[in-house]
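Number of protein chains: 2
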Amino acid sequence: MSRVHNFSAGPCTLPLEILEETQKEFLDFAGNGMSIIEDSHRGSSYMKIQQDALASFRRLADVPDDFAILFLQGGATLQFAQTAMNLLSSDEKAGYVNTGVWGQKALEDASRVANIYEAWSGKDKGFTTTPDDNEIELQQDTKWLHITSNETIGGIRFGNMPEVDVPLVADMSSDFLSRKIDWEKFDLVYGGAQKNLGPAGLAIVIARRETLNKHGRDLPTYLDYQFHDKSDSLGNTPPMFSIYVMGKVLNWMESNGGVDEFERRADIRSSLLYDVIDNSEGWYSSPVEAKSRSLMNVIFHLPDETLEKQFIEEAANIDLINLKGHRNVGGVRASLYNAMPIESVETLTDFMKNFSQNNR
Amino acid sequence: MSRVHNFSAGPCTLPLEILEETQKEFLDFAGNGMSIIEDSHRGSSYMKIQQDALASFRRLADVPDDFAILFLQGGATLQFAQTAMNLLSSDEKAGYVNTGVWGQKALEDASRVANIYEAWSGKDKGFTTTPDDNEIELQQDTKWLHITSNETIGGIRFGNMPEVDVPLVADMSSDFLSRKIDWEKFDLVYGGAQKNLGPAGLAIVIARRETLNKHGRDLPTYLDYQFHDKSDSLGNTPPMFSIYVMGKVLNWMESNGGVDEFERRADIRSSLLYDVIDNSEGWYSSPVEAKSRSLMNVIFHLPDETLEKQFIEEAANIDLINLKGHRNVGGVRASLYNAMPIESVETLTDFMKNFSQNNR
Numbered sequence: 201m202s203r204v205h206n207f208s209a210g211p212c213t214l215p216l217e218i219l220e221e222t223q224k225e226f227l228d229f230a231g232n233g234m235s236i237i238e239d240s241h242r243g244s245s246y247m248k249i250q251q252d253a254l255a256s257f258r259r260l261a262d263v264p265d266d267f268a269i270l271f272l273q274g275g276a277t278l279q280f281a282q283t284a285m286n287l288l289s290s291d292e293k294a295g296y297v298n299t300g301v302w303g304q305k306a307l308e309d310a311s312r313v314a315n316i317y318e319a320w321s322g323k324d325k326g327f328t329t330t331p332d333d334n335e336i337e338l339q340q341d342t343k344w345l346h347i348t349s350n351e352t353i354g355g356i357r358f359g360n361m362p363e364v365d366v367p368l369v370a371d372m373s374s375d376f377l378s379r380k381i382d383w384e385k386f387d388l389v390y391g392g393a394q395k396n397l398g399p400a401g402l403a404i405v406i407a408r409r410e411t412l413n414k415h416g417r418d419l420p421t422y423l424d425y426q427f428h429d430k431s432d433s434l435g436n437t438p439p440m441f442s443i444y445v446m447g448k449v450l451n452w453m454e455s456n457g458g459v460d461e462f463e464r465r466a467d468i469r470s471s472l473l474y475d476v477i478d479n480s481e482g483w484y485s486s487p488v489e490a491k492s493r494s495l496m497n498v499i500f501h502l503p504d505e506t507l508e509k510q511f512i513e514e515a516a517n518i519d520l521i522n523l524k525g526h527r528n529v530g531g532v533r534a535s536l537y538n539a540m541p542i543e544s545v546e547t548l549t550d551f552m553k554n555f556s557q558n559n560r
Numbered sequence: 201m202s203r204v205h206n207f208s209a210g211p212c213t214l215p216l217e218i219l220e221e222t223q224k225e226f227l228d229f230a231g232n233g234m235s236i237i238e239d240s241h242r243g244s245s246y247m248k249i250q251q252d253a254l255a256s257f258r259r260l261a262d263v264p265d266d267f268a269i270l271f272l273q274g275g276a277t278l279q280f281a282q283t284a285m286n287l288l289s290s291d292e293k294a295g296y297v298n299t300g301v302w303g304q305k306a307l308e309d310a311s312r313v314a315n316i317y318e319a320w321s322g323k324d325k326g327f328t329t330t331p332d333d334n335e336i337e338l339q340q341d342t343k344w345l346h347i348t349s350n351e352t353i354g355g356i357r358f359g360n361m362p363e364v365d366v367p368l369v370a371d372m373s374s375d376f377l378s379r380k381i382d383w384e385k386f387d388l389v390y391g392g393a394q395k396n397l398g399p400a401g402l403a404i405v406i407a408r409r410e411t412l413n414k415h416g417r418d419l420p421t422y423l424d425y426q427f428h429d430k431s432d433s434l435g436n437t438p439p440m441f442s443i444y445v446m447g448k449v450l451n452w453m454e455s456n457g458g459v460d461e462f463e464r465r466a467d468i469r470s471s472l473l474y475d476v477i478d479n480s481e482g483w484y485s486s487p488v489e490a491k492s493r494s495l496m497n498v499i500f501h502l503p504d505e506t507l508e509k510q511f512i513e514e515a516a517n518i519d520l521i522n523l524k525g526h527r528n529v530g531g532v533r534a535s536l537y538n539a540m541p542i543e544s545v546e547t548l549t550d551f552m553k554n555f556s557q558n559n560r
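In order, the protein sequence lines correspond to chains A and B. The numbering of the first sequence is this note's numbering, which starts it at 201 and goes up by one. The numbering of the second sequence is this note's numbering, which starts it at 201 and goes up by one.
If you're looking for bench data, these hints aren't it; they were derived computationally from the structure. A portion of the hints provided could be inaccurate.
Which copy? The list can't say, so a pair holds if one copy fits it or any two copies do.
[Claimed, not checked] Result set (DSS-like, lysine-lysine): computed pairs, CA atoms no more than 25 angstroms apart in a straight line: (1) Lys430 <-> Lys305; (2) Lys305 <-> Lys293; (3) Lys248 <-> Lys509; (4) Lys224 <-> Lys553.
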């Protein structure tokens, strides 16, 4: 088997050793005589998997005891509304920072269920930057401020989380566990697992428990965070296989140095690419303001679209795949999540140097 | 590897050949050089998997073209509320048949988001039967009637779907694709996949399209069926692995005779068990009224709890596992979903006969 270098924006590359282990035990997990996907979620084997994954996540992200960790379904998309339902009563309001496609979606969906306003918009600058703290306009009586810590499509991120007078609520789908989180600042963090942490079909919510019983809404069972917290996310059948594989990824991260190390690797990987871009005398160009460059999704353009198409095709020929930029922004996008080997990025930077020499 | 006979109420036994195929191609799907769980949901390989699964489901369940088939997350639990949000405007109402734990949960959650009333309750009879048509009390201007076609915990089912003057909406989580569906009668059918169809983490909704744009509500994206219908359930990242495995199960069902054949097998499997119960001179007893006996979840009692405990333990010793009844009803529960081999049921009936002889 020849393994590709998969730069997909998500789902994404996972560690080969974890795929191999999953394959090996797929027919007969722990000698139980059945596959993990056939086992009862109330059985002792699976319950241990889920408890271990919760504990591992808590250690890795250094989540304080007074925060709940929930394993949910419906992706970040369901969370856009669910966060607001659970963290705002009908007479409270929250501000949203609109940094691009995902920030905008979060704002729109939350507006359908709660009193939400836009506290900053990057629209005038084409969503190529994040706000400085003093640009964020908080209205009086704002309960919290929502941010998208990394915009997967725009390729921007908050280098530092905003310092504001209210707690933050953050969609961290595309930089989950690739950076440390200062929990003092947050009431809630959420994200899909399918980029840095595991397979699709799983969303993770980490919420300050004291905020969860104040919405005063009569929420349907699945939409109520407290239901999931009280049942350790086993109140209904969880996305077992995704949690099982994520558990392995979390163990792998712990035994490879934890979030500190993955923060370091993210810096190395993205720097390799930005350095080639910055040293190309403008032949490769990043649309993103320097301070807001994403370490997860590196977006760049070539001199014209024909060259971009040729670049993506020739890259695919040597197994550098899923490099096509999102249709909203075009160009090239290389997504570099936790399990992306640095060697794969070096293969890409070598190709970039050769391609620019050959086509300049 | 010694494979157990897994009578779990869900998740549940899947065909061994499908587990083996999944294992075989796990590291390198279709020669793509990566696992299916690493692939982009927007890539051609995965999109074909999802389209094929949709088409296969439509053929198997004989779903008319004017019904949408949606692959969602959050289980039937999220659907308890989501169905009502999407099928009722704020001034419309629906009736719910309360046949047990799941019927009650559906009713309670729908009541949180819409105008719902109880059209029948089996509470007085201990949830051991389904209503006759003339017992269902429909109020004037009822938009539709919700039923739970099979109660997994109570072990009862509608042998025939109710004949009433309004369309039906049904939770078929535990008998999905084990029986034919007369679509003329239904506006919507939903259920989790993790019993008859595949791994956990996937819910399927089949809805009459003309009913989907009349709720007049400004629903959040994920909660709006039309969002998923318009995007072929690719509007956000779907639970890819669950859909991929379910696709294999659907193919397997098609090549094994389709729903007709699985209806026949369900009848054979459950009859084997009910015959032993009925021929035991009351030593084994079913709490369920004969007309409402489930073909999926066969519940029975032994003369006392001590014998029940001994039965479950001795059964487990010969790899007949997950037979413990739900805490609500106690006793023994054998769940017999589509992929349960008839030989496994025969192993269980042999054990039952021996056990009653030895302990009578």
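> Quick check: which numbered hints come out false for this structure?
Replying inline: 4
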